[in-house]
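First to last, the protein sequences are chains A and B. The UniProt record's numbering applies: residue 1 is where the first sequence begins, and numbers increase by one. The UniProt record's numbering applies: residue 1 is where the second sequence begins, and numbers increase by one.
By construction, these hints were calculated from the structure, which means they are not laboratory data. Check the hints yourself; a few may be wrong.
Pairs involving identical chains hold if they fit within one copy or between any two copies, as the list cannot separate such chains.
The list that follows gives simulated cross-link-like pairs (lysine-lysine, DSS-like), each with its CA atoms no further than 27 angstroms apart [claimed, not checked]:
no., residue 1, residue 2
1, LYS18, LYS54
2, LYS146, LYS191
3, LYS56, LYS243
4, LYS146, LYS196
5, LYS191, LYS243
6, LYS203, LYS238
7, LYS196, LYS173
8, LYS238, LYS146
9, LYS16, LYS54
10, LYS54, LYS203
11, LYS56, LYS191
12, LYS57, LYS193
13, LYS173, LYS18
14, LYS193, LYS16
15, LYS243, LYS193
16, LYS173, LYS243
17, LYS238, LYS16
18, LYS238, LYS196
19, LYS245, LYS54
Protein chains: 2
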Amino acid sequence: MNSTIETILAHRSVRKFKKQPLTTEQIETIVRCAQSASTSSFIQAYTIIGVTDKEKKQKLAELSGNQPYVAENGHFFVFCADLYRHEVIGEIEGRDVIPSLESTEKFMVSLIDTALAAQNAVIAAESMGLGICYIGGLRNRLEEVKALLQIPERVIPLFGLAVGYPDQETDKKPRLPLHHVYQENLYNSDKEKIQKDLEEYNKVVANYYKERTGGVREDTWTGQMSNMLSRRVRMYMKEFVEKQKMDLR
Amino acid sequence: MNSTIETILAHRSVRKFKKQPLTTEQIETIVRCAQSASTSSFIQAYTIIGVTDKEKKQKLAELSGNQPYVAENGHFFVFCADLYRHEVIGEIEGRDVIPSLESTEKFMVSLIDTALAAQNAVIAAESMGLGICYIGGLRNRLEEVKALLQIPERVIPLFGLAVGYPDQETDKKPRLPLHHVYQENLYNSDKEKIQKDLEEYNKVVANYYKERTGGVREDTWTGQMSNMLSRRVRMYMKEFVEKQKMDLR
């Protein structure tokens, strides 16, 4: 096993960071690594906003559900799916690019491009001994995030990324067994098989929580997921995305 | 610069592979690395299908726009955004998870989760000396891909990933200058500024193509992008995604 694979497999989210800020060089290396990811037809459909302003960070922490590590970290990035630059390109070149930019296909492309770039940033940061936490909570109140960061149409802030020197030890939650997630030649959608698989995995997850809490926490993956998914969160998203003129046709 | 960052920055897509197949151990390491990526609220919303069947690979190559490296490689993965497993969880636990599963928010989560996992797979593969190429062309004819791989509702094949031992030297296209993609504290949407930035980048891209083709190819990024975006491709995607019962509300 090489050191890159060791870094990848050692990943766990860090939610408490030392006060030490990242250097400009570290930030630039992380961004260059993000940019080095593959991009669909060279479209480069993302923008990364580094938030250094203390008040803005505090406000983002609040908007993300009062997560203190959004404000307290070595650096905070906001990863945005971005087709605004391409609208400008259409104007410069005098070509009608709008139907493309408003398509579900290009919405998907922009999300995928942004996520590929972000994960490169993460691996780069972790390889330098830094810790990271993705902040999906950034999507709780996107209208306010949009106003705070002056986000134009055709841009969607997808998630935050807190980076810094770890100030806690964290565990890694056991993932789905490999053969659940990886199949060969076809998707086996047999519900009985999936149910058996989930029972197997529930035992693993239950053990993990039991051991970690000295027997206090009783939880399974299906229990946790059904709780989470029976809550209807961020149901404004469709309207928000459409107001940003994406995913329209 | 550490070796992980070197690997990330050295990335270029490879479109010609040696015949040597990946070993089971290599495939499993790649999948475990994919699974090690962060996942939104532990949802793990993806399935990876490894395609080894020669006829299926040939068919996928054809469906992806006759790209031979879809059939000829060391291994071929199809990365699918997947909320089907979570539908089964709702049934097992007797909870109504359907509004969540059909929301734009969870559609986005499943795309992001899948892309984060895929990029981990890519970095792991490249760290082993393998080359990769993402196959967005897999989305050209998804109804046929769906039938071929028996994909159920709530699952969307997002892209393919060809992996193998490189049999060609390839160049890396120069990315947008860092300060275009990375901004601090707010999004600068000033169109004049963006236009100037694009002119600067156009020169870089034009030089790249000129040098690479002995002066034959004249192209700019804005030219290339406006050509690509003025074509309306995969406009069936919205309908396909909705038929898969995702991104509905």
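Taking each numbered hint in turn, which are not upheld by the structure, reported in ascending numerical order?
Of the numbered hints given earlier, those the structure breaks are 6, 10, 14, 16, 17, 18, 19, listed in rising order.
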